[in-house]
Amino acid sequence: MAASDPPTNNVNSSEREQRYNEFVALLSRHDLSIRRFVRSLLPNRDAVDDVVQETALECWRKFDDFATQNAGHPEEFARWACVIARYKALSWQRDQGRDRLVFRDSVVEALAASALPQLEQRDEERRAIESCLSKLDETQRQLVLSVHSPGQSVSSIAKETGQKARRLYYQINVLRASLQQCVEKQLRQELRHG
Amino acid sequence: MDDSLQKLIYQAIDQTIPAEDFEQLQNLLEDNEEVRQAYLQAVNLSESLHEIAAAPLQSSPASSATPPLYRWPSVFAFRSLMIAATALFMVGGMAYWLGRQRLPSPSIAQITETGSDASESQIAGHATLRRAVDLQWTDPTSRAKVGDVLANGRFQFDSGVAEIDFFCGATLIVEGPASLDIESDWSVRVNQGRLRATVPPAARGFSVKAAESEVIDLGTEFTMDVSADQARVEVVDGEIMLRGGDRDGQHLHTGEHETLHGSPSSQGIEDMITASDLYQRDQSASTQRFQEWRRSMQSLREDDRLIATFAASELEGRVIRNGSTTDDTRDGLLVGPAEVVDGRFGASSHGINFDRPGSRVRTRIDGEFEAFTFACWVKIDNLDQRYNALFMGDGYENGEPHWQIRDDGRLMFSVMVDDSQSVSFYNERDHRVVKDAGLHRVYITDPIWDISKSGQWFHLVAVYDPASRLVQQYVNGVRVSAEKIKPKYQIDTLRIGPAEIGNWGQPFRETPWFAVRNLDGTIDELTIYNAALEATEIHSLYESGKPLGY
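Going down the list, the sequences are from chains A and B.
Quick note on UniProt numbering: the first sequence kicks off at 1 and runs consecutively.
Quick note on UniProt numbering: the second sequence kicks off at 1 and runs consecutively.
Hint data in this document are derived by calculation from the structure and do not stem from the laboratory.
Please read all numbers here as calculations on a predicted model, not as lab measurements.
Positions of the beta carbon are idealized from the N, C-alpha and C atoms, including for glycine.
A few of these clues could be false.
A short, non-exhaustive set of chain B residues, derived as facing chain A with CB atoms under 10 Å [said to hold, decoys possible]: (1) I17; (2) V43; (3) M272; (4) I444.
List of simulated lysine-lysine pairs, DSBU-like, C-alpha gap at most 35 Å [stated by the list, open to error]: (5) B:K7 with B:K484; (6) A:K135 with A:K185; (7) A:K185 with B:K486; (8) A:K135 with A:K159; (9) B:K486 with A:K135; (10) A:K185 with B:K546; (11) B:K484 with B:K546; (12) A:K164 with B:K7; (13) B:K484 with A:K135; (14) B:K546 with A:K159; (15) B:K145 with B:K488; (16) A:K164 with A:K185; (17) B:K7 with A:K185; (18) A:K185 with B:K145; (19) B:K488 with A:K62; (20) A:K164 with A:K135; (21) B:K484 with A:K62; (22) A:K135 with B:K7; (23) B:K7 with A:K62.
Below, a sample of chain A positions facing chain B; criterion: calculated Cβ distance under 8 Å [to be verified]: (24) N44; (25) L101; (26) D105; (27) L136; (28) D137; (29) P150; (30) I157; (31) T161; (32) Q163; (33) L168; (34) R176.
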C-alpha cells in the first residue's frame with residue numbers, strides 16, 4: 001500500500017468521503033493539541049511540522065481502527081493521535097542521529113507520559129496567557145513577543161537594538177517568568193471558581 | 001521554579017543550550033515530574049506566544065473568544081500530501097473545514113477599544129427601541145428587542161407600533177407598515193409609515209427625511225404620513241422648517257399641514273396614535289402578557305419533574321414561595337439589600353435585583369436527583385465581578401451545581417465531582433495556605449452577553465444529564481453549547497442542599513474573606529427540574545415566558 005493510500009479500498013466512495021470528512025474535522029479540532037504535544041517532545045522546533053505531518057498521515061491510515069475501537073467517543077481522538085505522535089517523534093529522532101538537539105528516548109517517553117493527561121487544557125490556558133499579556137506594558141509585550149516572532153531570535157534582536165544579547169536574554173526570561181506566574185495564578189483561580 | 005532551572009529550560013526551548021547543560025536538563029527531566037511539568041508549561045507558554053506573535057490581531061483579550069484557527073496551513077500542507085489519493089474529496093473536506101471557521105457564535109455587538117484609552121468600550125448605535133406593541137417584523141431574522149440599541153440602517157416592520165428614542169432626545173412613534181433608515185443620532189429617513197415625532201428643546205434640529213424633502217424640527221411635535229406616492233406633514237404643536245424639494249425654506253406652525261410629495265391634499269393627518277395612547281396600549285398588552293404567563297405557570301407547576309420554581313412576582317413579604325411544593329421547606333428568602341424591582345412584564349410584575357454585594361436569595365433543597373435542568377429569566381445590567389452568580393450550591397460539595405456568568409459574557413455551569421480531591425492554595429490576604437474545591441469541570445459557552453445587551457431580558461438554561469453524559473446550554477430557547485461529560489467527570493447522584501440565587505454563600509471558607517459574586521442584574525424567575533429537558537420543551541418555555549416585544 002502506498003503511503004498516501006486511504007485506509008480501506010473496498011468501501012464505496014460516499015462512505016470514504018464521509019469518513020474522510022469526519023477525519024479532517026477531528027484532525028482540525030485537535031491539530032493544536034497534537035502540535036503542542038509533539039513540540040513538548042522535540043527541542044528542535046523545525047522538526048515539529050514534519051512529525052505532525054507524519055502523524056496525521058499515520059492517523060489517516062489507521063483511522064478505521066480508531067473509528068471501530070472508539071465508536072461514539074470522538075473526544076478520544078487527540079489522545080489516540082498523540083500516542084501515534086510519540087512513536088513518530090521517537091523514530092524521527094533516531095533518523096536524525098545525534099548531530100542535532102534531541103532528547104534521548106527515555107526523556108521523550110517521560111515527557112510524553114506527563115503531557116498526555118494535559119491535552120484538554122489549551123483553551124483556558126490560551127485565554128489566561130492573553131489576559132496576562134494584556135497586563136504587561138506595551139514595550140514589555142513587544143519584547144516578549146518579538147523573540148517569538150517568525151524568523152526572530154534573541155541575537156538578531158540584540159543586534160537590531162544594539163543591546164547586549166545576555167542582558168536582553170535576562171530581561172526576556174524575567175518577563176516569561178512573570179507571565180508564567182500570572183498564567184498559573186489565573187488557571188488556579190479558574191479551577192477554584194467552578 | 002528556580003531561576004537556574006528556568007534558564008536551562010528556556011535555553012533548550014530557544015535552542016541555545018550548551019551540550020553539557022542539555023545533558024543536565026535531560027537528567028532532571030527524566031527523574032523529576034516537577035521539572036517535566038515546568039518544562040511542559042514553558043513549552044506551552046512559548047508556543048502560545050509564537051501564535052500570538054504570528055497573529056498580532058489575536059492578542060487583545062476581547063478577541064480571545066475563539067481559539068486560534070490559523071493553524072490550518074499545517075492541515076492544508078498535510079492535505080496537499082494526500083491529494084494523489086484523495087483529490088476527489090479535497091473539496092468536500094475543505095468546505096467542511098472552512099465552514100467550521102465560520103461556526104455561528106451568538107451575535108455580539110461590535111465593541112471596539114479606542115486607541116487613546118484602551119479600557120473604554122464603545123457600542124455602535126444611534127437610538128434605542130423603547131416600546132414595541134404587536135410588532136410584526138418584515139424580516140424576522142433582523143428583528144430588534146425592546147431595549148436594543150439600534151445601529152444605523154434599515155428598521156422595517158409590517159404592522160404594530162414602535163417607539164424609538166434617538167440619542168439626541170427626539171422620540172418617534174411609528175405605525176406599521178413602516179420602513180425607516182436610521183442615519184444618525186439626529187436624523188432618520190422615512191420610506192414608508194405614519195409617525196409622530198416629539199422633539200424636546202435639547203433635540204431641536206432633529207431631522208426627518210421623506211422623498212426629496214427634509215423636515216427640521218424647531219420644537220415640540222409633528223406627525224407625518226409617508227407612502228410610496230405621497231408624503232404629508234402636520235405640525236401638532238410648535239414649529240418646523242422644510243428643506244429641499246418645492247417647499248425649501250418654508251416654515252409651518254401649530255395646526256398647519258403640507259404635502260411634501262405627490263398629489264396635494266387638504267386633509268390633516270388623523271387618528272395618529274399619541275404617546276399616552278401607546279403607553280396605555282403597552283401597559284394593557286403587558287398586563288395581558290403577564291396574565292398569559294401566569295396561566296402557563298399554573299400548568300408548568302403541575303410538572304412532577306419540578307424540583308423548585310421561584311417567581312418573584314409571587315413574592316410574599318421577603319419570601320419567594322417555591323411553586324413546586326405545597327409546604328414551605330424549599331422557599332426562597334430575600335437576604336440583605338436584595339431589592340424588589342419591576343419584572344420582565346413591566347410594573348405589574350416583580351424581579352429581584354442583586355446589584356449590592358450582600359444581596360442574595362437563600363434556599364435549601366434537600367434530596368438526590370438524577371439530572372438537572374436550570375432555567376431562569378435574567379436581566380444583566382453589567383458583569384462587574386469576575387464571576388457573576390445565577391444559582392450556586394453553598395459548599396460546592398459532591399453533586400452540587402454552580403451556575404454563573406464570567407465577566408467576558410460566557411455562561412459557566414459545573415457540578416462538583418469529587419470534593420475530597422481538594423486543591424490547596426495560598427491566600428495572599430491571610431498569608432497562609434487554605435483548601436478549596438476539588439475535581440470538577442466547568443462547561444463554558446461562547447460569550448452570550450456584552451454591554452450592548454445591558455438591560456435586556458434573557459432566558460438562560462443549563463441541562464446536566466449524567467444518563468446521556470451531556471451538558472447543554474441554551475439562550476432564549478436556542479442551544480448555544482453541548483459538551484460530553486468525560487468519564488473522569490461522571491457523577492450520577494446530584495444534590496443541591498443550601499444554595500443561593502444571585503450570589504454565593506461560602507459557609508465552609510477558612511477565612512473571613514469571601515469572593516464577591518453577586519449578580520449586577522435582576523432575576524425574576526428561576527426553575528429547577530429533576531430531568532434533562534428536551535430542546536423543544538426549552539424552546540416552548542422561552543416562548544411561553546418571553547416578555548412583550550421579544
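Results of checking the hints against the structure:
1. Taking 10 Å as the C-beta cut-off, the interface hint given for I17 of chain B holds, the closest approach to chain A being about 7 Å.
2. The beta carbon of V43 of chain B is positioned within 10 Å of a beta carbon in chain A (closest approach about 5 Å), and the interface hint is therefore held.
3. The beta carbon of M272 of chain B is not positioned within 10 Å of any beta carbon in chain A (closest approach about 52 Å), and the interface hint is therefore violated.
4. With 10 Å as the threshold, the beta carbon of I444 of chain B comes within range of chain A, its nearest partner Cβ sitting at about 8 Å, so the hint holds.
5. Using a Cα cut-off of 35 Å, the hinted pair K7 of chain B and K484 of chain B is violated, with the two alpha carbons roughly 40 Å apart.
6. The hinted pair formed by K135 of chain A and K185 of chain A meets the criterion: a straight-line CA distance of about 14 Å does not exceed 35 Å.
7. Annotation: proposed proximity of K185 of chain A to K486 of chain B holds, straight-line Cα distance about 25 Å (limit 35 Å).
8. Restraint check for K135 of chain A and K159 of chain A: satisfied, since their Cα atoms lie roughly 27 Å apart, inside the 35 Å limit.
9. Using a Cα cut-off of 35 Å, the hinted pair K486 of chain B and K135 of chain A holds, with the two alpha carbons roughly 34 Å apart.
10. With a C-alpha separation of about 41 Å, the suggested pairing of K185 of chain A with K546 of chain B is violated against the 35 Å cut-off.
11. A distance of roughly 29 Å separates the Cα atoms of K484 of chain B and K546 of chain B; the hinted pair therefore holds under the 35 Å criterion.
12. The hinted pair formed by K164 of chain A and K7 of chain B meets the criterion: a straight-line CA distance of about 17 Å does not exceed 35 Å.
13. About 34 Å separates the Cα atoms of K484 of chain B and K135 of chain A, which keeps this hinted pair within 35 Å; it holds.
14. Annotation: proposed proximity of K546 of chain B to K159 of chain A is violated, straight-line Cα distance about 64 Å (limit 35 Å).
15. At most 35 Å may separate the alpha-carbon atoms for a hinted pair to count; K145 of chain B and K488 of chain B exceed this at roughly 42 Å.
16. Our distance criterion of 35 Å between C-alpha atoms is met by K164 of chain A and K185 of chain A, whose separation comes to about 32 Å.
17. Proposed proximity of K7 of chain B and K185 of chain A is supported: the alpha carbons are some 21 Å apart, at most 35 Å.
18. The straight-line distance between the Cα atoms of K185 of chain A and K145 of chain B is roughly 40 Å, outside the 35 Å bound, and the hint therefore fails.
19. This hinted pair checks out: K488 of chain B and K62 of chain A have alpha carbons roughly 26 Å apart, not beyond 35 Å.
20. Pair hint K164 of chain A plus K135 of chain A holds up; C-alpha atoms about 26 Å apart against a cutoff of 35 Å.
21. The suggested pairing of K484 of chain B with K62 of chain A holds, with an alpha-carbon distance near 24 Å, which does not exceed 35 Å.
22. With a C-alpha separation of about 23 Å, the suggested pairing of K135 of chain A with K7 of chain B holds against the 35 Å cut-off.
23. For the proposed pair K7 of chain B and K62 of chain A, the alpha carbon gap of about 40 Å is over 35 Å, so the pair is violated.
24. Taking 8 Å as the C-beta cut-off, the interface hint given for N44 of chain A holds, the closest approach to chain B being about 7 Å.
25. Interface hint status for L101 of chain A: upheld, as the beta-carbon distance to the closest one in chain B is roughly 6 Å, under 8 Å.
26. Interface restraint check: D105 of chain A against chain B, minimum CB-CB distance 10 Å, threshold 8 Å, status violated.
27. About 11 Å separates the beta-carbon of L136 of chain A from the nearest beta-carbon of chain B, more than 8 Å, and the hint is not met.
28. The interface hint given for D137 of chain A is violated, since its Cβ lies 11 Å from the closest Cβ of chain B, which is over the 8 Å cut-off.
29. Using the Cβ-Cβ criterion of 8 Å, the hint placing P150 of chain A at the interface with chain B is satisfied: the shortest such distance is roughly 6 Å.
30. The beta carbon of I157 of chain A is not positioned within 8 Å of any beta carbon in chain B (closest approach about 12 Å), and the interface hint is therefore violated.
31. Interface hint status for T161 of chain A: violated, as the beta-carbon distance to the closest one in chain B is roughly 17 Å, over 8 Å.
32. Interface restraint check for Q163 of chain A: the shortest CB-CB distance to chain B comes to about 16 Å, outside 8 Å, so the restraint is violated.
33. Checking L168 of chain A against chain B by beta carbon gives a least distance of about 12 Å; that is not within 8 Å, so the hint is violated.
34. The interface hint given for R176 of chain A holds, since its Cβ lies 7 Å from the closest Cβ of chain B, which is under the 8 Å cut-off.
Hint violations for this structure: numbers 3, 5, 10, 14, 15, 18, 23, 26, 27, 28, 30, 31, 32 and 33, all remaining hints satisfied.
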